[in-house]
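Student: So you can see what is in the structure, the chains are spelled out below.
Protein chains: 2
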Amino acid sequence: MLRTHNNGELRLAHVNQTVTLCGWVQRTRDKGGMIWIDLRDRYGITQLMLEEGKTPKEVLDLARTFGREFVISATGVVVERLSKNDKIATGDIEIRVSEISILNPAKLPPFLIEDDTDGGDDLRMKYRYLDLRRNPVRANLQLRHQVARFTRDYLDNQDFIEVETPVLIKSTPEGARDFVVPSRMNPGEFYALPQSPQTFKQLLMVSGFDRYYQIVKCFRDEDLRADRQPEFTQIDCEMSFIEQEDVLNMFEGLIRHLFTKVKGMDLGEVSRMTYAHAMKYYGSDKPDIRFDMKFVELKSEEVDLVSDKDFAVFDAANTVVGINAKGCAEYTRKQVDELTEFVKRPQIGAKGLIYFRYNNDGTLKSSVDKFYSEEDLKKWAEAFGAEKGDLILILPGDGDKVRKQLNELRLEMGNRLGLRDPKKYAAHWVIDFPLLEYGEEEDRWFAMHHPFTSPKPEDIQYLESGDLGKIRANAYDLVINGVEVGGGSIRIFQKDLQAKMFEVLGFSDEEAKHQFGFLMDAFEYGAPPHGGLAFGFDRLCSLFGGSDSIRDFIAFPKNNSGRDVMIDSPSTIDDKQLNELKIRTVV
Amino acid sequence: MLRTHNNGELRLAHVNQTVTLCGWVQRTRDKGGMIWIDLRDRYGITQLMLEEGKTPKEVLDLARTFGREFVISATGVVVERLSKNDKIATGDIEIRVSEISILNPAKLPPFLIEDDTDGGDDLRMKYRYLDLRRNPVRANLQLRHQVARFTRDYLDNQDFIEVETPVLIKSTPEGARDFVVPSRMNPGEFYALPQSPQTFKQLLMVSGFDRYYQIVKCFRDEDLRADRQPEFTQIDCEMSFIEQEDVLNMFEGLIRHLFTKVKGMDLGEVSRMTYAHAMKYYGSDKPDIRFDMKFVELKSEEVDLVSDKDFAVFDAANTVVGINAKGCAEYTRKQVDELTEFVKRPQIGAKGLIYFRYNNDGTLKSSVDKFYSEEDLKKWAEAFGAEKGDLILILPGDGDKVRKQLNELRLEMGNRLGLRDPKKYAAHWVIDFPLLEYGEEEDRWFAMHHPFTSPKPEDIQYLESGDLGKIRANAYDLVINGVEVGGGSIRIFQKDLQAKMFEVLGFSDEEAKHQFGFLMDAFEYGAPPHGGLAFGFDRLCSLFGGSDSIRDFIAFPKNNSGRDVMIDSPSTIDDKQLNELKIRTVV
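Chains as they are written, first to last, in numbering that gives the first Met the number 0: chain A, 0 to 586; chain B, 0 to 586.
Some hints could be false.
Each computed DSSO-like pair below joins lysine-lysine, with the alpha-carbon atoms no more than 30 Å apart [claimed, not checked]:
id, chain 1, residue 1, chain 2, residue 2
1, B, LYS455, A, LYS106
2, B, LYS499, A, LYS125
3, A, LYS125, B, LYS343
4, A, LYS106, A, LYS279
Take a look, some chain B residues computed to stay more than 12 Å from chain A by CB distance [to be verified]:
id, residue
5, MET33
6, THR64
7, ASP399
8, MET447
These aren't lab readings, by the way, just hints derived from the structure by calculation. A virtual CB, placed ideally from N, CA and C, is assigned to each residue, including glycine.
Isolated chain A (complex conformation) (with noise of 0.2 Å):
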């Protein structure tokens, strides 16, 4: 080793040592015939010290001329320091330097190499090794790897056994688009590269491997937004001879390992939601529940206050549906033209947020007042729960669109209300999705989670009598503080019953048979129950660090147009390579 210890780990006990360190000078500071030098690694900080007439002349001259992150080695003694830095874990101690050297020199780096940098987005992805440097970024991909080892720890401790299933497989027509690779031995055939490696922890499961994990990279070529990869990781799970209630114990049981051993803190209660619940209270499959402001309906299929007062806005809406803004009655007129405008947004989309404050004093205003009476108010403001002090807000419109409307509204509040606070954390089950859903632009139904899942039992009857819609799934989502971090479902293991479900997404028996065929032989030589999950990786540990951005969990992440800035990729490559392939670009 070039080095007797690291940059974290010494302390009194050592003083009087001879000891060498390595590491990359992170600041010098050259006063009064003394230098001092911070030199740092992966571990911490070490203070170097050197004094004209007690440290050879060379070595002082040496010293003098390091940079900023200039790689080097230093030998001297361990002695204890007279001003202590309770900062640094080895702030007891300094080295008073005899020799030293440069490993390696730096050119400047392009921006601060500090916990809060002075680099813009675009060169911290060009020059990624460099921001890799800095501890915050350091801690992130450290904490990554705990969760990966807690989460082995745990499932491997629940008779789990980790299998890896094949990147290069086949292309499905189902789902997101494919990333595809050309086969050179095999001339004008594709591999495509997994979304998720479902279809074979379904055949693990028919090998009797009964319980499956893998942590695991999976591919999605779609048009990305922000925070998303085209390459992301899941812990993907499966489990045989199970039902729905084996499987939400069990990755209940995952996740509160993982609070308790990583963020050192007990989960408490995981509750449960069906879907219809979350969408009629919540606007949304992963309500934030961390806070409660749940909606209230003044119109819908079951209740009416609004109709027939000559307000056409609200005569038009099927729904009319809002949120009680606890103490925000003395909200400004500022204040509630920001919401108004924050719903008006064109990723949102509401026409105009309808409002009353409930006064201190008691009394009741609205911006309908013209059409509404107090009378009426009141009897909204019961439906509330409003008391003095509060501010209703009210969106109008159509069924679960204006619905999804006022869940943004929602959130906002939340943030506003500082009701979203990152160290706390609330999770629950969403349950009891829909099998299916209507895709009215392409004019036919898709599957919800994907055409693996089971129906409910007891829905199965609208299989048959067409009723899709009604159909719901054993299917389910984990969500902790409003982000879905895993969802999963029981398994159809019945051939007759997969046919069946690939009828009903408009699959010939010749597509089914030559997409899923295989799948479809296995579960006639003896398939077992089975279901479980899948946890994004990159999310659940962006919410273990308190952040929204799961690039900054990703050592080499790739920026909004697929692209990976650092090493320049993706690029042209030889005609010699293209000619191999028997492929050519059309561009």
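Let chain A serve as the given structure and place chain B on it in line with the hints.
Tutor: Then chain B, alone, in the frame of chain A:
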């Protein structure tokens, strides 16, 4: 859970408990009013027992419909068995069944699900999910899981951090052929799948990660020889501020740990051997040192015991080299002919085999008695340290080429003499590899390991002087039982040296910058001395499993044409996909 216990856990202590078991019907015996069913799952086999007159008739009737591999559920009371079966862990008990049901029927499998199956390779590949049900195959994957787990334990303990590097990277011209992935968002451009995370792990060292590892999928689009897979798994490692000795010690420690944990045995000494020594005495850079049988030269640059005796074959050869097959003097003519045929096989390519016997009566008898006197043979015998009863096998030819031929013969003799016991392990490092090797066909120098390997400091002079063949690298392979299980090197970490290396490999400045500019840039911002290695994880597992075939240790392997015959991949893709990717196939 659909079961109360698995099929491997019930013992006498459970007698009188009512249990529910699930699993696959391994075997049914119906005899004298009794039915016994062997119920199988991953954990073991439990015997179910049904009895006419005592078991409800409908249960008996149903049980009589079961075929092999039916998935069933059975409830009953645990009772002590009259005749114990000490071949299975649950052999002391059986289940007196009161309820039974079919969870999923099964067609008769195309081959027997037994330890010894009647299924041929092709059938077992097509129905891989059934082959995986067999104990030996499942045990291989469980072993693989264990090897991964113990590897992570060791490396975690040594402060290594597992970091995931990207799968969608950039195609590079050096090394094997890349698999490429067309980019839809960047038309005309391609990602490549990594042949190894080499440059990324080096960047992590530049980032100060200090100790990195990853158990990671890698990809090579090579023509598949037996036992090579287009996707394979590496244990990939890198360390900073180290010298070669530190890397060897660290990973000798890992292998030792794995032998202790996985095999329950001490690996013994891990010796060292230079590449030059390995080639001279074994004709291979991965000699199997479970047995000695070193090469002895009769003619080389250093010795000549054969020339000028009118034997044109030896006169024409620059190298005459042989091995002493101890105790084989009484090999029959037929046996010697077999060996001659062996070395003349096209894949070995020797012209013929010369031999002499040191007979038990003290006489020497050679296949070239016409040219050499007993006096000559005595000198040869002395060189070989031959004793009565030995058979000396000799090949003439050209330097390393004939040595490689003799290596094959040596291994064959090792097999014939039972010297290659798969239950014995001998590990050693081969060190001091040449940095470069000359490609006759391409008429240029190639990196023997890869372009990032550091020359030995004392040999850097030859880079300048042009004696490229003389340069030794700080590169090393770990060889166990003649199998290269891992290899690595100390890396170049200085920009100028790296640039020089690319120049020597025939890169123009522009090409070097285009392909590896990011790495050379990184070296300018403070790169530490570093090095590492990678183990072939599939091969390591097969070694622990005592098998020659990595395919047996991969859940879903591909065949020699790179096809997954189970899912029938690769396959054609839609024109829509091709259009989106802006590529055409030209088959």
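Student: State the violated hints by number, sorted upward, taking the hints as numbered earlier in the document.
Tutor: Per hint list: 3, 4 violated.
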